Every structure is written in structure tokens, then in C-alpha cells.
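Based on the provided sequences and hints, a complete structural model is requested.
Same order as they appear, the protein sequences are chains A and B. Each residue of the first sequence is one higher than the last, beginning at 1 in the numbering used here. Each residue of the second sequence is one higher than the last, beginning at 1 in the numbering used here.
Quick caveat, the hints were computed from the structure, so don't treat them as lab data. Some hints could be false.
[As the list claims (entries may be wrong)] Residues from chain A that keep clear of chain B, each with C-beta distances beyond 12 Å, as calculated:
#, residue
1, H49
2, A51
3, I112
4, F134
5, T156
6, I212
7, S236
[Stated by the list, open to error] Beta-carbon label-pair distances, calculated as ranges:
#, chain 1, residue 1, chain 2, residue 2, range
8, A, P96, B, D223, 55 to 61 Å
9, A, F175, B, P162, 54 to 60 Å
10, B, L296, A, G164, 47 to 53 Å
11, A, E242, B, L123, 27 to 33 Å
12, B, R194, A, I234, 48 to 54 Å
13, B, R128, A, I234, 28 to 34 Å
14, A, V122, B, L123, 40 to 46 Å
[Stated by the list, open to error] Restricting the straight-line Cα-Cα distance to at most 30 Å, the calculated cross-link-like pairs of lysine-lysine (DSSO-like) are:
#, chain 1, residue 1, chain 2, residue 2
15, B, K16, A, K86
16, B, K61, A, K240
17, B, K57, A, K237
18, A, K240, B, K115
19, B, K115, A, K2
20, B, K176, A, K86
21, B, K73, A, K86
No experiment lies behind these values; they were computed from the predicted model shown. Glycine residues also receive a C-beta, built at the ideal position from the N, C-alpha and C atoms.
Here are the chains, one letter per residue:
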Amino acid sequence: MKPYMTQAKTEIKLALTQGESLLVTIGIPVIVLIGLSLTKALPLPKTAHSATDFLVPGTMTLAIMATGMVSTSIATGVERSYGVLKRLGTTPLGRPALLMAKITSILVLEIIQLAVLAIIGVLLGWHPVGNAIFFVISAVLATAAFAGIGLFMAGTMKSEVIIGAANGIYLILLFIGGIIMPISSLPGALESFARLLPAAALSEALYHSVGIGGGVPLWAWLNLIIWAIAAPLIASKTFKWEQ
Amino acid sequence: MTTIEVNDLYIAYGEKIAVAGISLQAQSGEVLTILGPNGAGKTSTVESIEGYRKPSKGSIKVLGLDPYVDLSKLAPSIGVMLQNGGIYPRMTPLQALQLFHGYYKNPLEIEYLIKLTNLEGALKTSYRQLSGGEKQRLSLALAIIGRPKVVFLDEPTAGIDPEGRLAVREVIRNLKSQGVCVLLTTHELDEAQRLSDRIIILDHGKIVAEGSPEDLMTAAHGDNIRFSAPIGLNLAELASTLDAEVIEERAGEYLVSTAATPERIARLTSFLANRNIAIGDIRAGRSSLEDVFFALTGKEIEPEESPNNRRRSRRRR
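Have a look at this one:
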């Protein structure tokens, strides 16, 4: 237990002191939320009563994606290339506790991110309508999905490649993930493609659980469940501890 | 109980065989060194004993446990210094020591380790920005922080600074006196000679020699005189003058198999002086491990980013 606690504290501290990572995990979501809520520069879903109905769940999606995928993949990839993962393998910490510590760090960081976005959202006039349990379940499923994708990248790619790939996917999903504009405003084929990805499913689930209310559509649940199982499974099968 | 017991170890990476049938034992309080050139299979062997890889064939026991299968049980009792890296690049030495301090039940004091490895001046510098020597010293401190029973040091003196070299010696001396078993790899003969109780020389994944440093030196040549001079000296004439066997080891490098008494050295130099032959250098004394290695493998030990080994560069000339 002591090694795990030590490691979890370290992981959290490292995540909260990495400048570029904080920009992606907190800076950009906050800027997007404030900027688009005030300017209303991009289209909103017809069902939204206010910009924050859509943009708070959207930026929460962005935040979960940033921590689960971008931050985790880059940090873990660097640890792998520096032999940190290898070295920790022969300490009493062991791999299961290391993984637990990483998950703990992701969850703590997400709680901070979601709290920041919720507070700013309220200041911008956000009135959440929906279902707190759906919110937690979809956030947890999406975290498993994105962290699985992040660890898959960390365990198979070179750290320089990871930085480019993770930030690239982040940028693409920002546009086609139902985050800053609804996927219904995308061209038909792109919209269908977007529905297969976990970002759009999460933004849809959050839109209904803390945005406008109503049930979360079945496609979003199925999407999240499949990604939450498949991504960590693929990561664990392909992960190489040494580069 | 034997602390480390390796039987008929084979390690293959695909088609390539890195280690081809090694057996070795090491006891508590013993410093065993695996010596060999690049690609001899040193790191593959050590990393298998550390539990990082599964042997293709053969068995390994460390403190009675199979390190690959029971790594989690073994980990509290071993300390590992990897050949490089192993520490978070953004972490300072102090943070790294604090982190590892938290992994073990009864760790050494951080203050003590800082002093021992002379890291006072670098405590607030991130790992990425440490000098090569500081990185090595930190890695050494982390290898012993958990009061291990077995310590693995993979090339601890490669690219190290003089302070680090002293720290490595000091640490190994301490560990030995506390009954810790130390498994060391190196390509540096002087270090191996100085630090080891026993040396195993590895080449092409096989053990080519094994014994105490003294045993190995005696086995190779015994006492001798070496000198360099123009190629093609008359060996028979020289042998009768010196009353000892003389061979031209390599072009222009001569080996006289006899103790380097002042009288014999005088005879050699006057022989050369009479014939007006220039002498490059002359070295008297016991064989070094380098000679042992050359005698046993027919190859010189290749330098591995070690900046200045005088003897080696002289040999090259």
C-alpha cells in the first residue's frame, strides 16, 4: 500500500507540474468554454437552450480526452523511453500498483478539471439538467477508453511520435467530437464516422446527463462500452515495457 | 543457500543467440564480475537474473526464487542499476530518492545516500540536466536504498566521473562487508581487477574464463616485459640475450616472458641501444586483465564510451 500511495502522489504531482500538459488538459478546455460561450461563434445544437448547455459537456469531453489520452500517452511514453518503467519493474512497487497509481492520478486530475469547468460554466449561466449517475458512468467509461488509447500509444510508439500523434488526434477530435460544434453540423459521411469514435459518444452522453437532460442514446452507450473494453485490452496485449 | 544460481542459461532474440549456455553461482558477501566486450551477452545475462527476461532455456534462482516468475516477491530484496536511464527526466535527485524511499519497508536514510554518492550539489537539478556522472551516482544510490541482499550493477563505471568511480568502490566495499552479493558487469579491466572477488569473462555468449583476478592473470602469462619497437626484430638473438622467450605479439609489440628485474631491463635496453633501435614504450610487470582477455579470446576489449584508457590507446598506435 505504501509504494502505491507514494507512486500515486508522484504521478499526480508530475501531472500538475507539467506546463504543456496543463495547457492541453485545463488551459484549452477553459479557453474554449469561455471563448465560445461569449462569442457564440460556432453552431449549437437546436435542442440547446443556451451555449453552456452544449459547451460545458463538450469541454468536459475535451478535458477527459486530454487527460486520458494526450497527457497519459505522452508522460508514459517518455517514462518508457527513459527506462523508468523498466526500472520500476524491479522495485517493490510492481506493475499492477504502477497502473493503479496512474489510474488514480488520471481520476484526480479529471475531478479537478471537471470542477474548474463546472464552476466556470455556472458563472457563465450553466444550469445542468440530467442524471448524475449517467454522468459518472459515461465519464468512467470514456476515461477507460481514452486511457486505453493513450497507453496503447505509450506502449508501442516512440515518444516523439506519440507527442505528434496524441496532439493531432486531440485537434481532430476537437472538431469532430461534438465538442465545439454538434456532429450533426458535419457533412454526412464525416458525421457517421464521428459516431464511431469515443469523443462524440462521450459528448453526446454528457450533453444528455448534464446539459439538456433526456436519456442518453443507445449508440453512445454501446460506443463507450466497446471502446472502454477494447482499448485497454489492446493496450495490455501490445504494451512493451522497454523501448 | 547460493545467492545466485544460474544453470545452462540460453537467451535468444529471434534467430540471434545472445547467451549460449552459461552457468554461474554467487554467494552472499561476494562480488562477481562479468567482464566482456560489447555484445558478449553481459547485459542479457544480468537482465535475465534481474527478472527482466525469460530465459530461452536453463534455470535461474536468486535467493531461491525464479526472478522472472516471482519478481514481485524478489523485488524488495534486490537493487538494480541499469546501464542507463531509469529515472523520471523531470525529477530531481532529491525527488527520485524520496520516491524510491517510499517503495521499501526499511530504506536507507536519504541524507546518508546523498553524502555517500556526493550528490549535494545536484539535488535541485532535474535528472535530464544532470551530468553523466551525476546520473550514474543517483542510479547507484537508488540501487541500494532498499537495503538489498543482492545488488546488480550494469556497467556502473561507464562514462562516470572520478567522484562516481570512488563512490562505486566505496559502495561495493560497504555492500560486501554487509554480506550483500554484488553482480557487476564491466568492460573495464582495471575496475574488474580492483573490485571483484571473482571474474567471469564472457565472449560471444559463452564463458571463456573464470576465476579470481589473480588466477586469471597467472593463467594468462605471469610476469613479463612488454615493449614496442620497429617490427621484425631478431627474436632468436633477443631471446638468447635476455635468456627468456620473446614473441612479437602484434606487429611492433614484443612480449618477453620473464620477470622484469632491473638487470634484464638493462640487458634489453643495451641490446636495443647497441643496434640503434628506437623504443616506443616499455612496460614491466604482471599481466593486466586486458592481456588475459586478449590471450583467451584473441580480441581486444572494445571501449564502450570510456573516454580515456591510456593502455588501450597505446595498444592501438
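Consistency of the hints with the structure:
1. H49: holds (44 Å)
2. A51: Nearest chain B Cβ is 38 Å from A51 of chain A, so the label holds.
3. I112: Label holds. Min Cβ-Cβ 20 Å, cutoff 12 Å.
4. F134: holds (37 Å)
5. T156: holds (18 Å)
6. I212: holds (42 Å)
7. S236: The claim stands: S236 of chain A keeps its Cβ more than 12 Å from every Cβ of chain B (closest is about 17 Å).
8. A:P96 x B:D223: 55 to 61 Å: holds (58 Å)
9. A:F175 x B:P162: 54 to 60 Å: Given range 54 to 60 Å: holds, Cβ gap about 57 Å.
10. B:L296 x A:G164: 47 to 53 Å: With Cβ atoms ~49 Å apart, the hint holds.
11. A:E242 x B:L123: 27 to 33 Å: Holds - the Cβ-Cβ distance for E242 of chain A and L123 of chain B, about 29 Å, lies within 27 to 33 Å.
12. B:R194 x A:I234: 48 to 54 Å: About 50 Å separates the Cβ atoms of R194 of chain B and I234 of chain A, which means 48 to 54 Å holds.
13. B:R128 x A:I234: 28 to 34 Å: Distance hint for R128 of chain B, I234 of chain A holds at roughly 31 Å.
14. A:V122 x B:L123: 40 to 46 Å: holds (44 Å)
15. B:K16 x A:K86: With a Cα-Cα distance of about 23 Å, the restraint between K16 of chain B and K86 of chain A holds, given a limit of 30 Å.
16. B:K61 x A:K240: holds (25 Å)
17. B:K57 x A:K237: With Cα atoms ~24 Å apart, K57 of chain B and K237 of chain A stay inside 30 Å; holds.
18. A:K240 x B:K115: violated (36 Å)
19. B:K115 x A:K2: It holds: about 26 Å lies between the C-alpha atoms, which stays within 30 Å.
20. B:K176 x A:K86: With Cα atoms ~26 Å apart, K176 of chain B and K86 of chain A stay inside 30 Å; holds.
21. B:K73 x A:K86: holds (17 Å)
Against the hints set out earlier in the document, a violation occurs for number 18 only.
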